[in-house]
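What follows is the residue order along each chain.
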Amino acid sequence: MSKHTDIIIIGGGIIGNATAYYLAKKGLSVTVLEASKDIGIGGSSRNGGGVRQSGRDTRELPLAMWGIKNLWPGLSEELGVDVEYIQKGNLRLGKTEAHQKILQGLTDKAVSCGLDVRMIDGDEIRAINPYLSDEVTCASWCPTDGHANPLTATLGYYKKARELGVRFITESPCFELRKIKGVIRQVVTPDAIYEADKILVAAGYDSRRLLATVGIDVPMKPMKMECLVTEAEPPMFLQMLGTAEADFYGHQSKHGSFVFGGSSGLEPFNKDNGTPISSSIGASCTCRGIMKYFPALADAKIVRAWAGWLDDCADKVPVISPVEEVPGLYIACAFSGHGFGIAPAAGYNIAEMMVDGQSIIDLSALRYDRFKPKQ
Amino acid sequence: MKSINDRSQDIGPFVSQTDDGVIICRCEEITKGEIRQAIHDGMFTVNEIRRYLRSGMGLCQGQTCGRLVKNIVVQELDVIPAQLDPATSRSPMRPVEMKVLGNEEVTHV
Ligand SMILES: Cc1cc2nc3c(=O)[nH]c(=O)nc-3n(C[C@H](O)[C@H](O)[C@H](O)COP(=O)(O)OP(=O)(O)OC[C@H]3O[C@@H](n4cnc5c(N)ncnc54)[C@H](O)[C@@H]3O)c2cc1C
Numbered sequence: 001m002s003k004h005t006d007i008i009i010i011g012g013g014i015i016g017n018a019t020a021y022y023l024a025k026k027g028l029s030v031t032v033l034e035a036s037k038d039i040g041i042g043g044s045s046r047n048g049g050g051v052r053q054s055g056r057d058t059r060e061l062p063l064a065m066w067g068i069k070n071l072w073p074g075l076s077e078e079l080g081v082d083v084e085y086i087q088k089g090n091l092r093l094g095k096t097e098a099h100q101k102i103l104q105g106l107t108d109k110a111v112s113c114g115l116d117v118r119m120i121d122g123d124e125i126r127a128i129n130p131y132l133s134d135e136v137t138c139a140s141w142c143p144t145d146g147h148a149n150p151l152t153a154t155l156g157y158y159k160k161a162r163e164l165g166v167r168f169i170t171e172s173p174c175f176e177l178r179k180i181k182g183v184i185r186q187v188v189t190p191d192a193i194y195e196a197d198k199i200l201v202a203a204g205y206d207s208r209r210l211l212a213t214v215g216i217d218v219p220m221k222p223m224k225m226e227c228l229v230t231e232a233e234p235p236m237f238l239q240m241l242g243t244a245e246a247d248f249y250g251h252q253s254k255h256g257s258f259v260f261g262g263s264s265g266l267e268p269f270n271k272d273n274g275t276p277i278s279s280s281i282g283a284s285c286t287c288r289g290i291m292k293y294f295p296a297l298a299d300a301k302i303v304r305a306w307a308g309w310l311d312d313c314a315d316k317v318p319v320i321s322p323v324e325e326v327p328g329l330y331i332a333c334a335f336s337g338h339g340f341g342i343a344p345a346a347g348y349n350i351a352e353m354m355v356d357g358q359s360i361i362d363l364s365a366l367r368y369d370r371f372k373p374k375q
Numbered sequence: 001m002k003s004i005n006d007r008s009q010d011i012g013p014f015v016s017q018t019d020d021g022v023i024i025c026r027c028e029e030i031t032k033g034e035i036r037q038a039i040h041d042g043m044f045t046v047n048e049i050r051r052y053l054r055s056g057m058g059l060c061q062g063q064t065c066g067r068l069v070k071n072i073v074v075q076e077l078d079v080i081p082a083q084l085d086p087a088t089s090r091s092p093m094r095p096v097e098m099k100v101l102g103n104e105e106v107t108h109v
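If you're matching them up, the sequences are chains A and B in order.
With UniProt numbering as the guide, the letters of the first sequence map in order to residues 1 to 375.
With UniProt numbering as the guide, the letters of the second sequence map in order to residues 1 to 109.
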């Protein structure tokens, strides 16, 4: 078994898997090293499935818009797996004047980037989604947003990349990157040393520890977020939903179940017991948030709750970047809780960057050396 | 001991079996054939199969089919059961209405 490939990717989440797929499509040999036993065990199979442009920072918005235009619509067909992509819009809901202000601010910024998003009132909101309570008085509405199934999308990229010859090796926690003659060359795991001409670190929060072995730092911290899912319900609505207050977000899946995420407010201070275990307060708090907007869901039964870590960046947008100081090294991490929707576009553009030296979308605003002290 | 970590290992072609139509996960109606096909698509762990097919994600949360799925993987990949972890258990233990789960008293002083 040769331990050398053109490229090594560290991390078998959706970012690693998607990049592996697009690289293999270009004819490169790729090894993906995944620390755990399961492919996609990180945020990629724990997220809320939002494929959004609205609400995003303008530095990552062009990437999100490009992916929604060019990749998401054909993804199920391309991967041969139903990723359950539904593009029926995103409503970000508000109830108060303060909410209205937040939503207006986000909307103005997105419009300046050319996104079709606008503010609508209560009547228009309930024309789109009749189940929302009368308390909801304003919303931003982006008709080209949507949602997809994170589990099948993440594993779909894995399946297709594997078919194209990408080598995936699980239970391979990388703990050191090594340069040889000034350029990146080796990845060290407990069982083996792997070699490649180029290496992508896409290991979520753990990327920080790994990058430190070659003197690079990305300022991010882990944050635990929780989700829950109901039993299958009759079809009610197709939009992705969020709120100005960020008390819950979610959608009804193709299967009929509602997938909702929420926050209790204590996320940045959660106990780190090594595994992302849901807390005793999270699901209850999210349920209260949902029922305020959707009284009709009070009887829906919760069948499962779970938690996942975000890699929360100091400035809330990812690092997608070559590292010139360590030639051959590339970084894709710190997606800050919204990396699922842009994953196909990110993977595609990282592959372009690694092979052709230039991505289709200008990613210079997401460089690793952008972090400066305050003035 | 054979490892399942190298996902490119040759596990032979998918050959259909007479009992492929048997339903293994009753809640989500997933058949043995679908599970075997998923293994050939690269899903080598019980968690991966669950996420790929929804087996064990229904009302009983895999309490019925968990072991059956594991046995299918054991046979298909020719490994021993101890090499495979069961799917992760998740709260709540039984389906609970939103109005019940959300009904704890929170006193903000
Ligand atoms: C609860 C929750 C809800 C979310 N909701 C949304 C949403 O609605 N929309 C959206 O766009 N995004 C959402 N996100 C964010 C999204 O899930 C992530 O941004 C995205 O999955 C990131 O993918 P990734 O591949 O970078 O990370 P991950 O999926 O975390 O993958 C990293 C992988 O690297 C592996 N790894 C770590 N260390 C090592 C090592 N040393 N060696 C080898 N492998 C290693 C890990 O085991 C893991 O498999 C949410 C996240 C959470 C947790």
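To be clear, the hints were calculated from the coordinates, so they are not data collected in a lab.
Computed from a prediction, not measured in an experiment: that's the story for all the values here.
Hints are not guaranteed to be accurate.
Unchecked claim - Going by beta-carbon spacing under 10 angstroms, a handful of chain B positions derived as facing chain A:
no., residue
1, P13
2, F44
3, V100
Glycine included, every Cβ here is placed at the ideal spot set by N, Cα and C.
Do the hints match the structure? See the list:
Among the interface hints, the one on P13 (chain B) is violated; its C-beta lies about 14 angstroms from the nearest C-beta in chain A, farther than the 10 angstroms criterion. A cut of 10 angstroms between beta carbons decides the hint on F44 (chain B): the least distance to chain A is about 8 angstroms, and the hint holds. For V100 (chain B), the interface hint holds, since its Cβ comes within 10 angstroms of a Cβ in chain A; the closest pair sits about 9 angstroms apart.
Checked against the numbered hints given earlier, the structure breaks only hint 1 and satisfies all the rest.
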